[in-house]
Each structure stands twice: as C-alpha cells, then as structure tokens.
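Novice: Under my numbering, read the sequence shown as residues 2 to 141, first letter to last.
If you're looking for bench data, these hints aren't it; they were derived computationally from the structure. This one's a predicted model, so the numbers in the text were calculated from it and none came from an experiment. No residue lacks a Cβ here, since even glycine has one placed at the ideal position from N, Cα and C. Take the hints with a grain of salt, since some may be wrong.
As the list claims (entries may be wrong) - Computed beta-carbon distance windows for the label pairs:
#1 Asp-85 / Gly-52: 27 to 35 Å
#2 Pro-140 / Arg-95: 36 to 44 Å
#3 Ala-6 / Ala-28: 14 to 22 Å
#4 Met-2 / Ala-51: 25 to 33 Å
#5 Gly-57 / Ala-6: 18 to 26 Å
#6 Ala-51 / Asn-30: 41 to 49 Å
#7 Glu-77 / Ile-19: 19 to 27 Å
#8 Ala-135 / Leu-17: 17 to 25 Å
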Amino acid sequence: MARTAEALEAFFRSVLEIPAHRMFGLALNEWSEGEAKLSFVASAASLGPAGDVHGGVVGLLLEPAAMFALMTVLPEDRYAVTADVHTQLIRPIRASARVELAGRVLRAGRRLAFCEAGANVDGEICALARMTKAIVPAPY
Numbered sequence: 002m003a004r005t006a007e008a009l010e011a012f013f014r015s016v017l018e019i020p021a022h023r024m025f026g027l028a029l030n031e032w033s034e035g036e037a038k039l040s041f042v043a044s045a046a047s048l049g050p051a052g053d054v055h056g057g058v059v060g061l062l063l064e065p066a067a068m069f070a071l072m073t074v075l076p077e078d079r080y081a082v083t084a085d086v087h088t089q090l091i092r093p094i095r096a097s098a099r100v101e102l103a104g105r106v107l108r109a110g111r112r113l114a115f116c117e118a119g120a121n122v123d124g125e126i127c128a129l130a131r132m133t134k135a136i137v138p139a140p141y
C-alpha cells in the first residue's frame with residue numbers, strides 16, 4: 002500500500018529537521034508522484050573558500066530531493082538507503098542565490114531505485130546527481 006499524503010508530509014518534515022538541512026535552510030516547495038522540488042538560499046554557511054557554494058553542500062542537498070521523489074512511489078513498508086551517488090558540478094553557485102532543487106525517480110524496482118536530482122539557479126543547471134538507492138524494509 003502507498004503512503005498517505007499525511008505520512009509523506011510527516012516524513013518530509015522529519016528530514017527537513019535534520020540539523021544540516023536546517024542549517025542550510027532547505028525547504029520543500031512541492032511534490033507529486035515520483036517528483037519533488039526543494040530550495041535553499043546560498044547563505045554564508047554554504048560557502049567554500051572561493052565564496053561560492055561548496056560542492057559538498059550541493060551534493061548534500063541534492064540527495065533529499067531525490068529521496069523525497071522516491072518516497073512518493075515506495076510502499077509504506079519500504080524505505081531506501083543510498084548505494085551510489087554520482088554528482089557533477091557544472092557551474093558555480095554564487096552567494097545569496099536562490100537554488101532550486103528538483104528530484105525525480107527514473108525507475109523504482111523491488112530492490113533498487115534510480116533517481117536523479119538537479120540544482121538550478123535562474124533556470125540554469127548548476128549541478129546534477131544520479132543516485133542508486135537500495136530498497137529496504139521501513140525502519141518504523
């Protein structure tokens with residue numbers, strides 16, 4: 002059985018409350034089956050030595066975009082853990098930029114799911130990530 006909208010919203014809130022996600026101001030904008038859109042503003046906490054958003058921060062925040070999309074299609078007794086991530090940093094993200102993160106499910110099987118997520122600023126792609134998630138029993 003699929004998760005209810007209420008169960009999904011509760012899960013999303015719990016992930017957004019993770020301290021690192023709170024520190025960077027990660028927010029959920031919308032979700033639908035197999036897709037999720039999140040955002041953050043590139044604050045001082047996200048910047049690397051060159052003054053742009055650190056690549057590790059981008060990778061950290063792309064992962065929940067893909068995970069949120071995936072949770073919308075998993076049965077309520079299933080969860081997912083990351084098995085592999087490949088992130089490409091295409092162009093710098095400047096300080097104070099509003100970064101739109103879009104995740105989507107490419108394919109979800111019984112044991113593996115394949116997802117992608119992108120980071121955009123003003124409609125220009127700045128980073129892409131492809132993730133393989135292992136489907137496991139739900140921990141709760």
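Novice: Each hint should be assessed against the structure and marked as holding or not.
Specialist: These are the hints, each one checked on the structure:
1. In this structure the supplied range 27 to 35 Å holds for Asp-85 paired with Gly-52, their Cβ-Cβ distance being about 31 Å.
2. Look at Pro-140 against Arg-95: about 38 Å separates their beta carbons, and that is inside 36 to 44 Å.
3. The hinted range of 14 to 22 Å is satisfied by Ala-6 and Ala-28, whose Cβ atoms lie roughly 18 Å apart.
4. As the Cβ distance of Met-2 to Ala-51 is approximately 48 Å, the hint placing it in 25 to 33 Å is violated.
5. At about 32 Å, the CB distance of Gly-57 to Ala-6 disagrees with the hint of 18 to 26 Å.
6. Ala-51 and Asn-30 have their C-beta atoms about 28 Å apart, which leaves the hinted 41 to 49 Å range violated.
7. Separation of Glu-77 from Ile-19 is about 21 Å and conforms to the stated range, judged on CB atoms against 19 to 27 Å.
8. Range check, Ala-135 to Leu-17: Cβ separation about 23 Å, and the 17 to 25 Å hint holds.
Hints 4, 5, 6 from the list above are not met by this structure, while the remaining hints are.
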